[in-house]
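Add chain B to chain A, keeping to what the hints say.
In order, the protein sequences belong to chains A and B.
Take the first sequence: its position 66, counting from 1, is numbered 66 in our numbering, and each next residue is one higher.
In our numbering, each number is its position in the second sequence, counted from 1, plus 1000.
Careful: at least some of the hints might be erroneous.
Chain A is nowhere near these chain B residues, computed Cβ spacing over 12 angstroms in every case [as the list claims (entries may be wrong)]:
no., residue
1, Gln1082
2, Asp1104
3, Leu1108
4, Asn1109
5, Asp1112
6, Asp1120
Here are the simulated PhoX-like pairs of lysine-lysine, each with C-alpha atoms no more than 25 angstroms apart in a straight line [to be verified]:
no., chain 1, residue 1, chain 2, residue 2
7, B, Lys1107, A, Lys167
8, A, Lys139, B, Lys1044
9, A, Lys167, B, Lys1142
10, A, Lys133, B, Lys1142
11, A, Lys167, B, Lys1044
These are calculated hints, taken from the structure and not from any lab test.
Even glycine gets a Cβ: it sits at the ideal position worked out from N, Cα and C.
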Amino acid sequence: MSRRKPPTVKEDVTCNLIPMIDIMFLLLLFFMLSADMTQREFEDVVLPSADQVQEAPKDKTVGEETTTINIYHRPDSATFTCPLYAHGSLCRDPSHWLIGVRSAEYTPDTIRDQIRNEAEASLEAEVDPEAGKRMSARKVIIRADHMAPYGDVQKILQYCGEFGIYKIEVAAAAPTKA
Amino acid sequence: MAGASIGDNEENPVAINVTAMVDVIFCLCVFFMCSLHFRQLEGKFDTWLPKGKGTGGVGDSVIQEIRVAVYWDEPNARVVRQLGNRMIANDEELQALIQEAHDDFVKLNKPDTPVTIDADARVPWSEVINIVNICKRDQIDKIEFAMGVGPPQ
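Excised from the complex, chain A in its bound form (with noise of 0.2 angstroms):
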C-alpha cells in the first residue's frame, strides 16, 4: 500500500501593498496641507512671552487689510554669523537686525516708503475729523523678536503714525495651557 502524497495547494505569497499606499497618501495630503506653501507672512522670531496676550482670532475679519511687520535677527548662514545672538546675549549691531515684509528684508531707514505704500493703498472714503486727514484702514501687525532694539519698533510705530495707520497689533507669545 502506498501512500498517498498529500494534495500540494499552489499558494501565490503576495505582498499587498494597497492598504499601505493609501495610508502614505493620506498621510502626503495632511503634510501637503498643513505645509505653509503661501507667501511666508511670518519670519522666524522668537517672540516676547505675555500671560495677558489676547488669543489671536482663527479666522481674518472680513475685508480687513493687514500687513505683518517682522523685527528679526538675520539668521545665521554660510557667510554670515553671529556669536552674540546665537549664545542668547544682546546684539546691538544695527546691520544685523532686520525688518520683514511678506519676505522682503528691509532697514529701519527703508521701511518708511513701504509703510507709506501700505498706508496709501488702503486709505478711508472720509477724512476723520479728529486727524483732519485720511486715515488708513490697514491694519498692522508687529511681530519683533524679544531681543530686538526698541528703538526699530519705535520707528514702525512712528512712521504708522505719520502717515495715517492708526491700528496696530503687537504680538507676543501666549503662555501655553498646562
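Leaving out everything else, chain B in the frame of chain A:
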C-alpha cells in the same frame, strides 16, 4: 514583487509596478514631514495710535501720567527701570507701584491717566512688552509709548 500586488495576474493580466510610486510617495512624505514646523501659539495686544495727536511734543501743559523709564545700562549689560525717581527691583514691585499710582489718579477722578513707557532705543523689546503685560494685569488699558530718553544722570 510589488507588481504582483495588484490582484491576481489571471484576473488582471496587466500588472502595474507600484514600487516606483511608493518610493516617490515615501520621499514626498519625508520632505513634508521635515518641512513641517509647529507654530508657536501667538496672541496680540490691540493698540490704537492716536489719530490727532501724532508724534509731536506735549507742549507746555502739565503732564499727568504714570511714567516708567527704561534704560539700558551698557557697562553692566542690564536693563534699569525707574518709576518717577524710584528704581524698580522686580516685576512685583513695579506692578504694585503702577497700581498704587493708578489708584491715586482714580481717586482724583482721572481714571484715564495713561502709563507712559519711556524706553531707551537699545532696550530689548521683551522688556517693553513685559511692562505692557504688567499694566494689563493691573487692568490699565491706556498705555503710551514715549519717543526715548537718554541715560540717567
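A quick look at each hint next to the structure:
no.: 1; hint: Gln1082; verdict: 15 angstroms, holds
no.: 2; hint: Asp1104; verdict: 22 angstroms, holds
no.: 3; hint: Leu1108; verdict: 26 angstroms, holds
no.: 4; hint: Asn1109; verdict: 24 angstroms, holds
no.: 5; hint: Asp1112; verdict: 16 angstroms, holds
no.: 6; hint: Asp1120; verdict: 7 angstroms, violated
no.: 7; hint: B:Lys1107 - A:Lys167; verdict: 31 angstroms, violated
no.: 8; hint: A:Lys139 - B:Lys1044; verdict: 12 angstroms, holds
no.: 9; hint: A:Lys167 - B:Lys1142; verdict: 15 angstroms, holds
no.: 10; hint: A:Lys133 - B:Lys1142; verdict: 24 angstroms, holds
no.: 11; hint: A:Lys167 - B:Lys1044; verdict: 12 angstroms, holds
The earlier numbered hints that this structure contradicts are 6, 7.
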